[in-house]
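S.K.: Sequence:
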Amino acid sequence: MTKAELKAYVLQHRDDIKAIRSLFRIPPGVELKRYPPVCTEDGVPIPENIRIMEQAIQERVALDNGESDRY
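Here the sequence shown is numbered in the numbering used here, starting from -10 and rising by one per residue.
Hints are computed from structural coordinates only; laboratory data are not their basis.
You may find that some hints are simply not true.
[Said to hold, decoys possible] Each computed SDA-like pair below joins lysine to any residue, with the alpha-carbon atoms no more than 25 Å apart: (1) LYS22 - GLN44; (2) LYS7 - LEU(-5); (3) LYS22 - ASP4; (4) LYS(-8) - ALA8; (5) LYS(-4) - LYS7; (6) LYS22 - GLY55; (7) LYS7 - PRO26.
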């Protein structure tokens, strides 16, 4: 089953926990990039962490748009 087919299946069978887990499973060997929290537990924004996230988003958009040499 392709990812698109699995997504369609999950949308029709929202109680199928096994299918949902399969849809959101991270394949072995995929390296995840962890980011710091953007605010404290009290809800106070952390400017430096927000800047880090903004930069990561800009880099990802550039990569998706084929502008990987920008960063």
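S.K.: Next step is simple, just say for each hint if it's right about the structure.
M.R.: Hints, one by one, checked against the model:
1. LYS22 - GLN44: holds (13 Å)
2. LYS7 - LEU(-5): Distance ~11 Å between LYS7 and LEU(-5) Cα, so the pair holds.
3. LYS22 - ASP4: Judged against 25 Å, a Cα distance of about 30 Å means the pair is violated.
4. LYS(-8) - ALA8: Since the Cα atoms of LYS(-8) and ALA8 sit roughly 11 Å apart, the hinted pair holds (cutoff 25 Å).
5. LYS(-4) - LYS7: Holds: LYS(-4) and LYS7 sit about 12 Å apart, inside 25 Å.
6. LYS22 - GLY55: Since the Cα atoms of LYS22 and GLY55 sit roughly 20 Å apart, the hinted pair holds (cutoff 25 Å).
7. LYS7 - PRO26: Status violated; Cα separation ~29 Å.
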